[in-house]
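Protein sequence lines, in the order shown, are assigned to chains A and B.
All residue numbers in the first sequence are consecutive under my numbering, ending with 286.
All residue numbers in the second sequence are consecutive under my numbering, ending with 271.
Some clues are possibly wrong.
[As the list claims (entries may be wrong)] One-sided and incomplete, this derived list gives chain A residues near chain B with beta-carbon spacing under 10 Å:
| id | residue |
| --- | --- |
| 1 | Tyr56 |
| 2 | Leu82 |
| 3 | Phe90 |
| 4 | Arg168 |
| 5 | Thr182 |
| 6 | Ile239 |
| 7 | Leu243 |
[To be verified] EDC-like cross-link-like pairs, simulated, lysine to aspartate or glutamate; straight-line CA separation at most 16 Å:
| id | chain 1 | residue 1 | chain 2 | residue 2 |
| --- | --- | --- | --- | --- |
| 8 | A | Lys121 | A | Glu191 |
| 9 | A | Lys192 | B | Glu134 |
| 10 | B | Lys76 | B | Asp32 |
| 11 | A | Lys153 | A | Glu191 |
| 12 | A | Lys192 | B | Glu250 |
| 13 | A | Lys192 | A | Asp217 |
Hints are computed from structural coordinates only; laboratory data are not their basis.
This one's a predicted model, so the numbers in the text were calculated from it and none came from an experiment.
Where is the CB? At the ideal position from N, CA and C, for every residue including glycine.
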Amino acid sequence: MTSIFAQRRQKLLAMKAFRDGQTHAPTAGTVCPGCGQTVGAGTLAQTQYVCPQCGYHMPLGSYYRLSTILDAGSFRELNSRLTSTDPLHFPDYAAKLEATRRKTGLNEAVVTALGSVDGQKCVIGVLDGRFFLGSMSAAVGEKITRAIEFAAKSKLPLILFSASGGARMQEGILSLMQMAKTSAALARFDEKGGFFLSILTNPTTGGVTASFASLGDVILAEPGALIGFAGPRVIEQTIGQTLPEGFQRAEFQLEHGFVDAVVPRSELRSTISRLLALHGKGGRNE
Amino acid sequence: MSEPMTAAERVAIARHHQRPNAQEIFDFLFTDLFIQRGDRLAGEDESILGGIARFHGRPVTVIATRKGRTLDENIKYNFGMPSPEGYRKALRLMHQAQKFRRPIFTFIDTPGAYPGMEAEERGQGEAIARNLMEMSRLTVPIFVTVTGEGNSGGALALGVGDRVLMLENAVYSILSPEGFATILWKDSSRHGQACELMRLTAPDLKRLGIIDEIIPEPAGGAHLAPDIALRALDEALVRNLKAVSRQSGEALAAGRYRKFRQMGTPPKEDQ
């Protein structure tokens, strides 16, 4: 039975997803960063923003991503108003935050929600690269930690989609400490027998790679996603040479043993559904 | 305590080539030191020094990022920039500490985790993440001291403790001021300005609730009279060890969780 509330939730997500879609690809079509060819916006919406020519996976907004994964009407956002408070009073940061909020319609670089995939309830979080490159502010760390704690308390599996440039520079040390905070919350979730599925998308770097993103029971990655701790430019400056083709990409991480599978976007939902089923309800029933 | 200094001046002191390094700190604070090597997975990383020692007679596990005194030493120790093997060795030692109920003392002085190709191939991010997760749930006391510069996740990977101490002129930050200026303004020469904005000094971090205690240094910095700073550190560590000695392992881990859990929690809340 679809309740009137579920219908409204679905409408809300669809609206936000549509808005996300519009920021990815203007109606006039967009140039694929992978092959340089122009792809029509209509085509991209059908392929979930994967280039039909070269298979390049374009970035997705949080709400759009959620609309591709969750069952219709199951989306219930958590802590939606939590946002950066500019804790260090960093110059120009507050104004930039405000402008980004207005431009993206997001309050922070992560959206967390309760939802279901093929009827299997889960807690899900999606980082959004349009908001300060998906960087980890104190509020992002707090939202993720609350999502982990909520999953632990309600004995639900946890799914986190990463897309992040790493730490939020304007929040300095408080941003750094979110690495410890989220990892510590995951340790407790782990002890309770919770299932954590980490999904790495382009790009996952810095403090996000060096905390929750690398701690999944199962780790998936989207094809071609850049995944690493140090950014390629920093490495090139350090070693004084250019990096080989494919360095730090999802396929490279698969080869080096840091992800379980590279899964194309078209198969992501079914893969998630299968993994959730294999883990039961998620969380030991004590 | 010395006269007030700018953050940039403190950064210079924290990086001073004569600042007490891991070996000197171990020699001063501990006796009967037995160095342990290797991560039992891939290799040995000399940029992290660790082992078993006695602290006022009691067996403890000691782990520190290591800078050298000479260029040769620094090349050997990779200027104090650890690779995944170093972090995994540290974790191996910490798990042993838990097994044998030894308190853990870590000392941080690093420009950051090494941003090299091999480090990435062997999972620098995973190694740091694993340490953060495991340190948060160890049931032996962990005392962290930032002794020089503590930059980025590479520092934090040894930094999840029950008590976090900091030498007066040490600095602790998300990134080196040079890296910070590069990312934010695409101009590393503005690192002086970055220092002032980053809140990386001990007094700033104490106010932010990131560290618990500041260890005074002699005027001009610890390198001018290392014994004075290290004696103060010794006294503080004895006092802190005593303070937690009656807590159960579970209470320690729970307290450590609460400590890091509240960091950066925004005052404005929606629920």
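Hint by hint, here is what the structure shows:
1. Tyr56: 23 Å, violated
2. Leu82: Nearest chain B Cβ about 6 Å off; hint holds.
3. Phe90: 6 Å, holds
4. Arg168: 9 Å, holds
5. Thr182: 8 Å, holds
6. Ile239: 6 Å, holds
7. Leu243: 7 Å, holds
8. A:Lys121 to A:Glu191: 20 Å, violated
9. A:Lys192 to B:Glu134: 15 Å, holds
10. B:Lys76 to B:Asp32: Measuring from Cα to Cα gives roughly 24 Å; hence the hint is violated.
11. A:Lys153 to A:Glu191: 12 Å, holds
12. A:Lys192 to B:Glu250: 15 Å, holds
13. A:Lys192 to A:Asp217: Given that 16 Å is the threshold and the Cα spacing comes to 13 Å, the pair holds.
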